[in-house]
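Line by line, the protein sequences are chains A and B. Oh and the first sequence: position 20 is 20 in my numbering, straight run, nothing missing. Oh and the second sequence: position 290 is 1290 in my numbering, straight run, nothing missing.
In case anyone wonders, no lab produced these hints; they're calculated from the structure. Since no wrong hints were added, every one of them can be taken at face value.
Part of the chain B face toward chain A, derived, beta carbon under 7 Å:
no., residue
1, R1450
2, R1510
3, A1517
Cβ atoms here follow ideal geometry from the backbone N, Cα and C, with glycine treated the same way.
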Amino acid sequence: VTTALPEAPPIDEPLKSELAARQAVLDEVRAMLVRQLNIRREPHDIDPDTPLFGSGLGLDSVDAVELVVGMETGFQVKVSDNRAVVGSMRTVNVVVDFILRAQAQR
Amino acid sequence: LNAAIGNRELSGPPERIRAVVTGMGAVSSLGSGVEALWAGLEQGRTGFARIERFPTADFATEIGALVPGNNRPQEAPTRPFGKLCAAYALSAGREALTQARLAGVAPERIALVLGTNIVFDAEGPQELGRAVAAELGVRGPCVMVATACAASTGAIGVGLELLASGAADVVLAGGTDALTPEVFAGFSALGLLSASGCAPFSEPPGTTLGEGAGVVVLESSEQARWRGIEPLAGLWGYGLSSDAFHETTPDPSGSGVGRVVRAALHDAGLAPADIGYVNAHGTGTEANDGAETRGLKAVFGATWNALPVSSSKSFLGHAQGAAGALELIVSLAALRRQRVPPTLGFTLPRREGPADPVAQDTPRPHRYRHALSTNAAFAGANAAVVFGLPDCPPPRAARGRAPVHLLGCGAVGPHGSTLEELELALAGSPRSGRAAPFELDRLVSTADPRRLDPSATFLTAAAALALKDAGLRLQGELRDRAGLFVGNSRISAATTTEFRASIRERGLARLSTAAFARRVLCAPAGSCSRLLGLKGPTNTLSSGAGSGLLAIALAARSLSARDDADLMVAGGFDELGPAAEAGTSEGAACVLLGRSDVPAGKAATLEVAGVGFGGEGGLPLAIAAALESAGLAREEIDLVHGEGPVNAESSGAAWELIRAALVLRRRRARTALVVSSGGTTSVAVLLRGLW
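Isolated chain B (complex conformation) (with noise of 0.2 Å):
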């Protein structure tokens, strides 16, 4: 480790940098390629056909929207769909690379950042992005985004931090998502499915399934004139948001839509009646459209009946985990020609909906600079994009960056659930192996447990626990502008017994919806945002290994640099299934972050001085970052931690960190620097003693 900290050949990061995008690639139900999908809309053409992939008698509909050569019959589950998966992101990050040129850009600082609602019963979503990165030549931070229909659009914000913080010169973002049988059942038996294909704001209501992948290569604008590579458009700002309101359905007020929009806004340095164009999330369910209609009408107020707003679900289908990548391509290569893309094969407009959904069959000439792509998943995650014409940045205030105090901790575990037991085992060797049993009702008083798996418990208990620990009760305004970032790369196992058990007894058409519902990497956040009223950003990451420290060096990194939220909770579970390893412990470890001009409910006594991303196998990388941005030197560092004692695989590094936290807070060092090199993406966090 000492002589990684030697290494320091990072100059400080760009601070507000204004990202661009130099390259484009797409792979979806209107064929491969970025030209392919704009044909099919200006032919006004959608990607729609009978599924051949896999049998669809029992179900509401037979329609899908495939990739088209490969809506051909398939046999055993899972894997191959991660082939799929893989084979469509690597065909749009080609295009998108090829475009871009990138020849002569250190494979370490390009990174590589992917929405995927993809997940393996045996391996994370990781190695899906592992396979990806090493395929196209990345070497930079691997970070997947898992908040599941919202994921895409969630990665390029992902994207514009690890370019914003220095941690990469280009970034490769956007999703990939195949359709698989039982995501298909899921929806069906939920009764979300059009017989007929989705038609967006019109009747009759339902959603059309699709696959496919999306991906942007973002940098800085500076780089890109120095490189001398046109851009293709600005990506002025991003947002994230929690309904924390129920697992499928979103908030029907659409306030979880509006903050998502604000936030964008806001971070773009925009004001509504700045943007030209609205690509609305429009799945053509009854209860999103309605939702985004309200969320989006409460926004733009006045502007709204002269605003286009249009979804491409109406072309693409229901693209999941790459929808807001694919639509996000979709609105940049209209704003290039300057027209607005249309939403297809609307008839009868419902009750509500946008005044002008470009309700036409191609796209339609438009003369504007700004436009929004806004994304909605299940568990309440919400994501939005601000992006333009590349030659007309908003003008925005350079913005400080705002120190961050590390306020509670708290944890579950093999240990118990107080953090007495917590500091007394942590001390010592803790005890390996499952979650000592806990009452959660008698922490979070409003959790009802019917349909918590052992993972959302967990989350909610460590969560919970941080903001005891910090003295804190949210409520009223205050929870809007409470986030939550987490570490997690494996589905509840409890819940994929449930699930497994459904479609074993009692068939695909008749499984589970609850397990279902929870069947999504993101859905133990949602529970978390529900039960505790966190409504500000919410995030679900993985890198395998070490991504509960991943989620809180980009929760701390986003406090500081932006402007949407002033605390954040963030931290990692683990839950062992039937066949856990030996040695290996479940639970949850959670650290409740807050901007230093909030006032605390306890005088703050830590802050995070510094946070650094690296590749796999680049924690020096990391770790100089983690110095420069902290201003320390290495000599200054009084503790190091890396591999605790802990052997968890998501949660162990920050277990670490409320570890060398804990230390801290005795006043027995005033720095540490805890650090994670196992997973897709190094972190190193640094923590400060405020005395």
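Looking at chain A on its own, in the form it has when it is part of the complex (with noise of 0.2 Å):
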């Protein structure tokens, strides 16, 4: 007996844009950490939700300016020099997140 599977509801073409935006510029910060901070892992083996800072890829406070040039180098937006702004990236995936707003306001 088989039973046949509901549909996937299909993914419009904005939202399948969006996604490979994302997934263009994940990429891209993935090779920046490994680049330019020297993170010893594959670009593909970082999680996206890995904690930049303590336990996860191991940043801390001496790589914080660095993480803001690799920004700003990279993907052509400004990031305060605000320590508690750098603090708050916690994760891969919230410096995507970060990337893509400050590109969609410019």
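Each chain sits in its own coordinate frame; assemble them with the hints.
Written out as structure tokens, the structure is:
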């Protein structure tokens, strides 16, 4: 006996391109982390939800400036020097969100 | 050399001397001279002002604590700051010497030990020491201590050791620093600067950078009495420790601070309850003040609530390499007047802080005999000193000198990274040039090379190899009593390149903070301590050529005469820059030393039988002192190692020591004298086979 699975709702085109844009930024952020901050992982091995600081990727106060420079030069966004802003970027996904938002506001 | 060895004019070193301060000199943001410094405190006046020396528009603040009269726009970087450093040190040194009335003391018997943070791309800090020593007429040992913001407190410790070992009759010890735009930019980028001016232990957090120089004259109380000089204070002891935690952030538990304070108290022969005042490092940053509070609180326990603890950085700013010496001078001036210096600008206490931060504008009357001053630095280096009224020295049992064993050797360089390769290379004529590639994580599994420059990698590898050679694994409490003394005169060339490139490409305000954190000479020692768990006494020393042997000799001396470590890794390293001279080598050479009463991994076969120090050109004195302390006559020396085949500035003489040790291990000789005379301090180390 076979049961037909309900068909997934079709993804509309705008959502598709949004997801693709997000994936592209995520890939670039991962590459930037490896390049700019010398994270010793393959870019695709970096989980988007892994914490940047502390136990996750092991970044700390000394890396904050490099992170800002990496975001600004790689994605043409302006990041505040305020350390609270940098400190609020808890995960790779949060960085991606920040970049997408900043790019949308441009 | 034979003629040199024949010169044995020294008598035995006076052990367990009581050191006293007979002169003080200061240059600070409160003006020139100790009187100006104290006057500023009495008036409740900070030395903070708008910085005019360099533009501050791109930074978190425009406030600094610069020496009045020197807060003017400057053009070219680095070299003029070296001149400022020298001028500050000279002014403080002359003031201290004048007060101590030293006429009649032979220049060869006066040592200079200075801490500084200043770094030059082209030369080591010993050139600064050499220039100041020459101007002051000092011809004994000249040592630069390079443990960043703990450097001048560390310098006082080295000074006490030189005095106690008999290497000098008088020591000028302290520190000097000038505020550079690069240091300012680095602190700003790390988010450490206060917008409104440093108010330690108070809201809002943040520090204010300063500069200046502090110098004290140290001598034995017997000599001061004999010279008819009234001592200003007694310097009862010092301590050193490493956080082994992070490049710029202190261990939040405060355990590094706890270790350094306990070590200093123990050295002085005092209990926490004997201390009537603590001059804290108190930079004003959240991380420092919190860790320091926790560390001090753990040591002082029951007496904490009634203990005045203040930070002079609220007046002087953070004078970096001069901070400890200036804070000692503030404390000594206050102690003599039976006052405690306040923490100025204290408004709103933070969640954690001293029970009594002396939150007022001017010094407070207080009856006490003994006090303590502590400092902490980038790379996790801590230093503390204990001092008191000169006429009530703490009772202290005379300590014997423990024999010191040489337990292991390790080196990386052009030859490779194993002991077999090393022995083969040293037996012939070793290759010169760059270090052969090796993988640090094969030696140290926890090593994350993300932020390690080649200097740190070389040092860590050589230290790990020395431990491995000794068959020792550092665990638990062994780590607290395992130290690291390193000779180093230059910042990693790779780090300098990265640092310069980041400023060129991104501007000063966006400099690489990772590279900035490594722009202190003690950064490789900090990384090595962290990776290997060496939490005991730490020191980074510069005397130019032979710095590594100086570090080994001082480590042996400390292990033998002190009680704060059981094991000590010591040595030197060099990293070649892009334009390295032909024939020079890079790499690191380290030995593991241990007290004879500590069980080692394997039975020891060698001991460091004696060490000696002299000034530039003072090798005969150094050799005589080494022979004397070993109880050996020159005829009993089988081998003499001077300049060897490895041409490397800081580590060359350490390589020679390893070469000699390997020959002795093969029992081809029983005694070897290893000497270095190329730097600002001449050093002699005697090795002897234990069979």
